[in-house]
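Chemist: The lines below spell out each chain.
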Amino acid sequence: MRRSLYLYLAIYITILAVGFIGVSIVATIYRIGIQDALKILMISPFSDPFSASEILVRFTAIYTVALGVSIALKAGLWNVGGEGQFLVGAVMTLYMAKYLSTPSPAMTMTLMILGAVFFAMLWAAPPAILKARFGVNEIVTTLLLNIVASSFTLYALDGPIRGSGSFGYLISDVLPLSLRLPVLLRLPMISGGEVSWVDTRLSYAIVIILILAVILHILFERTPLDTHLGVIARDWRIASYAGIDVQRYVIGVMLLAGALAGLAGALHVMGVLYRFDSGQIDHGFGYLGVLAAALGRASIAGTALSSLFISFLVIGGEALQKATGATYAITWVAVGLMMFTTAVTEALRVRRP
Amino acid sequence: MTQLPPELLKALEMLVNPTILIVAFAVSLRLLPILLFTSLGELITEKSGVVNLGVEGIMLFGAFTAYIVTIATGDPFAGLGSAIAMGTLVTAVFAYTAVILGINQAVAGLGIWLLGLGLTGVLYTTVAPIGATVSTIKSPLDVDTLISYVGSREAAELLVSLTNPLVVVSIAIVPATHIFLIKTRWGLVVSSVGEDPLSSDALGINVARVRFLSTLYGGILASISGAYLSISYLGDFRYGVTAGRGFMALAMVYAGNWDPVRTFLSAALLSFIDALQLGIASSSIELARRYYFFNMIPYIAVILLVLILGRKARPPSGLMKHFRKG
Chain B
1 MRRSLYLYLA IYITILAVGF IGVSIVATIY RIGIQDALKI LMISPFSDPF
51 SASEILVRFT AIYTVALGVS IALKAGLWNV GGEGQFLVGA VMTLYMAKYL
101 STPSPAMTMT LMILGAVFFA MLWAAPPAIL KARFGVNEIV TTLLLNIVAS
151 SFTLYALDGP IRGSGSFGYL ISDVLPLSLR LPVLLRLPMI SGGEVSWVDT
201 RLSYAIVIIL ILAVILHILF ERTPLDTHLG VIARDWRIAS YAGIDVQRYV
251 IGVMLLAGAL AGLAGALHVM GVLYRFDSGQ IDHGFGYLGV LAAALGRASI
301 AGTALSSLFI SFLVIGGEAL QKATGATYAI TWVAVGLMMF TTAVTEALRV
351 RRP
Chain V
1 MTQLPPELLK ALEMLVNPTI LIVAFAVSLR LLPILLFTSL GELITEKSGV
51 VNLGVEGIML FGAFTAYIVT IATGDPFAGL GSAIAMGTLV TAVFAYTAVI
101 LGINQAVAGL GIWLLGLGLT GVLYTTVAPI GATVSTIKSP LDVDTLISYV
151 GSREAAELLV SLTNPLVVVS IAIVPATHIF LIKTRWGLVV SSVGEDPLSS
201 DALGINVARV RFLSTLYGGI LASISGAYLS ISYLGDFRYG VTAGRGFMAL
251 AMVYAGNWDP VRTFLSAALL SFIDALQLGI ASSSIELARR YYFFNMIPYI
301 AVILLVLILG RKARPPSGLM KHFRKG
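One line per chain: the protein sequences are B and V, in this order.
Anchor point for the first sequence: position 134 equals 134 in my numbering, and the numbering is continuous, going up by one each time.
Anchor point for the second sequence: position 178 equals 178 in my numbering, and the numbering is continuous, going up by one each time.
Everything labelled a hint here was simulated from the structure, so no lab data went into it.
All C-beta atoms in this analysis are idealised placements derived from N, C-alpha and C, irrespective of residue type, glycine included.
All clues stand as given, with none of them false.
Simulated DEER-style distance windows between Cβ atoms:
#1 V:L265 with B:I43: 53 to 59 Å
#2 B:G159 with V:D201: 56 to 62 Å
#3 V:R153 with B:T110: 55 to 61 Å
With the rest of the complex left out, here is chain B (with noise of 0.2 Å):
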């Protein structure tokens, strides 16, 4: 158990190690060094308190995403359509918040959420049924899904929930005050020996995912469902035979995936955008909250551990950029580069006699 426990760990710094060393080589284009650019990566997301508390946004992002992957990939599905489905309820928080009128902003909130789940879900249930019914692979029409997804928020953001100001700009309006979600954390800024309170962009949503991940883990890893679930990831037929809906617990785990990244984009609207404009669209939490699942083994402990990783990587990816002038794609060989050691790794685990 603990020589396992070790193996595990060693894996685990192997992968982080080629993500970062991976980057740091491919900076270099940038005519950067690579023990420099290992230090911005490393060290950047640490030096100022607010960077810090940026890692933590994001991991509230990436974690609910990769919540849902893990649990369908616990039925050995996987869910790739994070990134759309995570759009759709971006848009669907912010097209309530724009037409629906309820006595209470409180009510008006909670609709928000559960509409933008909702129909993250109906995103989702197309690959699901698809997989269920005739054996789809569900990651081929997920990710074209995504690009569905693109195209349909651009048209929200051209038509139904465009802002009055825009000025042409594919930009929606900003969320009212009363219908954001409460600032967790306010760091001290002292300016001429005045001490002030400075917002940061971490909300209270972050509470309510771990709330949600401890309920997940009880559902999911504390009841039979984990014993199905696993059946099923094996073997279809054998767990029919065991007497297991196979086909229903495929388009539920599906269902749930997608419902987590809806709620995922609604929370990063409420919680830290408070808008949408068409620059989020690229936003990567879909298949970041992949590599998450993969990397923490479809557990939902371990996800939440490589969700922090991976969120550190995304700050000083971020960092990196500002230093070299490096564009977004930078982020993906670090995470192609994971993703793929994270299946050679698997592999020669499991070869071991």
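Given the coordinates of chain B, assemble chain V onto it according to the supplied hints.
Modeler: Okay, now just chain V, sitting in the frame of chain B:
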């Protein structure tokens, strides 16, 4: 009855216009190789029991390599050659890890895709000269001079599409793949390895080698598809230029039930839909402003196509199952 928006009415009017349909057909012939090369290559890969989700990334590697080498040498065929070399290299890594090590093909494939997206994105903004024009692989005929011979623009467009060498090659691969799978011993070997690796191994077939070569072939065709996209169809490269065409190609194999002719028909239908939406979206300024609305259509069409044709699909039994000898 509710009033349809005028833009939509105009779009519907265009759908019954024969001239536009012929032009759309000509354009769809030019779009076809992007899907066809990749899907026919992936078909052989999957027939042998491997799913290569990295084709999207391999297409990007191919597209970028072809683009940059063509700019450097001025010869598009040198670009095509180096794209194939690049595709072979990347696919060899995937094929080795998938077939020999038995890694999770889904995770590794997604990794290759994101790596391709990231690396070509970074290199494009650093290495590629800004605003460079690239010489392309194109038809020896020219639309403007051809009009004086054949009389109409539509016929000229059609002839130009049909004489693009890569369009011809991609269509020629359809019967070739069909004959390979049905009539040759090697085709039978590929299919049997994908259906039942254990029995194939008992018959003395080297399962790993067959799968490795089939995966390599699929990757090479994907890189040709990428090269076609950058140095023949577009004459340009952009970040993420393949826009999910690789994943579409995978869906085509499914909709075609692992049959080359049916896969070709699915790809042809989809290319036609794609050409129609491009034609409608670019026909007027008001419609062009809503390009994202039309852009959704091909992707939704793929899902519908899979939904309709997927009912009867039966994948190779050994698909995505690792076989380890001994």
